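Trainee: Protein chains in written order, with the working numbering: chain C, 42 to 370; chain Y, 42 to 370.
Since the hints were derived computationally from the structure, they do not count as laboratory data.
Note that the coordinates shown come from a computational prediction; the quantities given were computed from them, not determined experimentally.
Any given hint might turn out to be false.
Unchecked claim - Below, a sample of chain Y positions facing chain C; criterion: calculated Cβ distance under 10 Å: (1) Leu75; (2) Cys87; (3) Ser99; (4) Ala105; (5) Ala137; (6) Phe306; (7) Tyr310.
C-beta: ideal position from N, C-alpha, C; glycine also.
Number of protein chains: 2
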Amino acid sequence: MSHPHQQSRQIISAILQSRPAIERVYFVGCGGSLTGFYPAKYFLDCEAKKLAVGYITSNEFVHATPQALGENSLVILASQQGNTPETVEAARVARAKGAATVGLTFAPASPLCEHSDEVIEYRWARYPETVNPAQQKAAYGLWLALELLQQTEGYAHYEAMVNAFEQFEEVVREGQRKVQEDAQRFAQAYKDDKVIYMMGSGPSFGAAHQQSICILLEMQWINSASVHSGEYFHGPFEITEEGTPFVLLQSEGRTRALDDRAIRFIRQYGGKLQLIDARELGINALPETVRDYFCGLFHTALLDVYNLALSQARHHPLTTRRYMWKVEY
Amino acid sequence: MSHPHQQSRQIISAILQSRPAIERVYFVGCGGSLTGFYPAKYFLDCEAKKLAVGYITSNEFVHATPQALGENSLVILASQQGNTPETVEAARVARAKGAATVGLTFAPASPLCEHSDEVIEYRWARYPETVNPAQQKAAYGLWLALELLQQTEGYAHYEAMVNAFEQFEEVVREGQRKVQEDAQRFAQAYKDDKVIYMMGSGPSFGAAHQQSICILLEMQWINSASVHSGEYFHGPFEITEEGTPFVLLQSEGRTRALDDRAIRFIRQYGGKLQLIDARELGINALPETVRDYFCGLFHTALLDVYNLALSQARHHPLTTRRYMWKVEY
Numbered sequence: 042m043s044h045p046h047q048q049s050r051q052i053i054s055a056i057l058q059s060r061p062a063i064e065r066v067y068f069v070g071c072g073g074s075l076t077g078f079y080p081a082k083y084f085l086d087c088e089a090k091k092l093a094v095g096y097i098t099s100n101e102f103v104h105a106t107p108q109a110l111g112e113n114s115l116v117i118l119a120s121q122q123g124n125t126p127e128t129v130e131a132a133r134v135a136r137a138k139g140a141a142t143v144g145l146t147f148a149p150a151s152p153l154c155e156h157s158d159e160v161i162e163y164r165w166a167r168y169p170e171t172v173n174p175a176q177q178k179a180a181y182g183l184w185l186a187l188e189l190l191q192q193t194e195g196y197a198h199y200e201a202m203v204n205a206f207e208q209f210e211e212v213v214r215e216g217q218r219k220v221q222e223d224a225q226r227f228a229q230a231y232k233d234d235k236v237i238y239m240m241g242s243g244p245s246f247g248a249a250h251q252q253s254i255c256i257l258l259e260m261q262w263i264n265s266a267s268v269h270s271g272e273y274f275h276g277p278f279e280i281t282e283e284g285t286p287f288v289l290l291q292s293e294g295r296t297r298a299l300d301d302r303a304i305r306f307i308r309q310y311g312g313k314l315q316l317i318d319a320r321e322l323g324i325n326a327l328p329e330t331v332r333d334y335f336c337g338l339f340h341t342a343l344l345d346v347y348n349l350a351l352s353q354a355r356h357h358p359l360t361t362r363r364y365m366w367k368v369e370y
Numbered sequence: 042m043s044h045p046h047q048q049s050r051q052i053i054s055a056i057l058q059s060r061p062a063i064e065r066v067y068f069v070g071c072g073g074s075l076t077g078f079y080p081a082k083y084f085l086d087c088e089a090k091k092l093a094v095g096y097i098t099s100n101e102f103v104h105a106t107p108q109a110l111g112e113n114s115l116v117i118l119a120s121q122q123g124n125t126p127e128t129v130e131a132a133r134v135a136r137a138k139g140a141a142t143v144g145l146t147f148a149p150a151s152p153l154c155e156h157s158d159e160v161i162e163y164r165w166a167r168y169p170e171t172v173n174p175a176q177q178k179a180a181y182g183l184w185l186a187l188e189l190l191q192q193t194e195g196y197a198h199y200e201a202m203v204n205a206f207e208q209f210e211e212v213v214r215e216g217q218r219k220v221q222e223d224a225q226r227f228a229q230a231y232k233d234d235k236v237i238y239m240m241g242s243g244p245s246f247g248a249a250h251q252q253s254i255c256i257l258l259e260m261q262w263i264n265s266a267s268v269h270s271g272e273y274f275h276g277p278f279e280i281t282e283e284g285t286p287f288v289l290l291q292s293e294g295r296t297r298a299l300d301d302r303a304i305r306f307i308r309q310y311g312g313k314l315q316l317i318d319a320r321e322l323g324i325n326a327l328p329e330t331v332r333d334y335f336c337g338l339f340h341t342a343l344l345d346v347y348n349l350a351l352s353q354a355r356h357h358p359l360t361t362r363r364y365m366w367k368v369e370y
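Next comes chain C alone, as it looks inside the complex:
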């Protein structure tokens, strides 16, 4: 497998060679394969001066296909096994409309690959400690976004971003070591809760949402919602009372102030708060200009530790399912 940097650069270069006028990128997937693209979407939403960005669950992309989709679009899709029917169909639809497609999958030669102009086989993090977090699915999304921006409009902090990727595994491993004990404490404190609210902002909102839908609802059967730290004060905060369980993924950089405000409020009114602070856990080892954009990947990697502890404390393995792999749907 070639290095994600080389691979992403070559893929975007090949696409732009045949389609120099790419003006729109859509990130498409389902569940964790969609939320995995959140860091990439957020990066382009912030930094692109011209590119338009879409982020759509596969079946909505299939049924309510955007009129803007066409030859000047790039559609980046992900499916773990490469056989999610909605995502495979989305890739087919994208191509039928003339768009370029890049498929990310763990499974070579899967149906998604048939409809992808370019394929990336990422490394699946079933045993997260064995895979470089800069080579996992969400990191590939961010690599592709970086290359697309650099090769179309240019990006002032391109080198800093490449350097940050190189440093990222070390930062993650150090952060994971730091949270081991806290994860045990968290697991004991939250194991009997009937609902857990996930919060975050900016680059980490996607990680908060992913934790809510893919871990708490799917793998732990704990009621959950994700609440943006900035939206909290405009409705959701009324649910806060003594002991209401929150987990807040505090990011570093521009939207940190939004998290700070929510933290103050939750503490003042007695909510039960688990804070996972990217700053305190080491994200600042990365270059200041780009560290924001790694917070989502960082939080997801740290949550691996918390989730293992939670599942053990609850005697509910992360592989337990009621429906997936078991029934037709």
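Starting from the known structure of chain C, fit chain Y onto it as the hints suggest.
Mentor: Leaving out everything else, chain Y in the frame of chain C:
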């Protein structure tokens, strides 16, 4: 007050006169003032061939201001009282970056107006039955989106859309009459639930999310999350067991199939399901080419009936708050 159609047409026309190259529109607000823009955002995401669309909570727009924001951007903001600090600041930031701003508010001469090139005073639906739903905040958002599309790229179904707006109040009143009894039944069936999942897809996903954050969490203190009907099968469905409470806003048109699939599954596995079906309740009186785009507004108007019944059955008025209007935050 002039007719929303004339007013929106004139506002967009005036903006385009001084800025003929508008290529990007951002919808900005907090809580219900953001979700009110969902129908407009969805319409443009589907129908625009060139316009890029952003949809951002105010404080994130302020702190992580997109690089693309500039003279060729239009920023449409809403604040009920015109004094939400984050939204007022977002309007100021937008203007400082050279963008055009349109402010929607119920309160004339409020701070939002100071930073808005154009102002729309909408009619507040404190007593929803007294205000034409085609003249409420969310409808104005859709009117502005329609005019922006028509006056920049053109829109094939512009006339159908204008006609649909004209018919809309009658369709809503008829729908509201039809659900009176069902709302009472719903209120009894759901009044003791500790969590309620709101679902929807396409044009009605915003209404589902709004119901979750502004009504269930904020006004009723019932735990809640919104789940897109297409995302349901990729994580959230594992929470479903006998009696799990769902409310699904079934829309008409292209994404209806996504709702159908979720409905079948919830019924098969014993979830408690309240369906609010736009088709059955009369949305099809609107022209087929555009009726999708009214489903969100339609569902929100129908939910007014359900919410009043729910609040009465729970002896928990919709105006009850722990924090809003009471404490500093």
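Trainee: Of all the hints numbered above, which does this structure not satisfy? Sort the numbers upward.
Mentor: As far as the earlier hints go, only 5 is violated by this structure.
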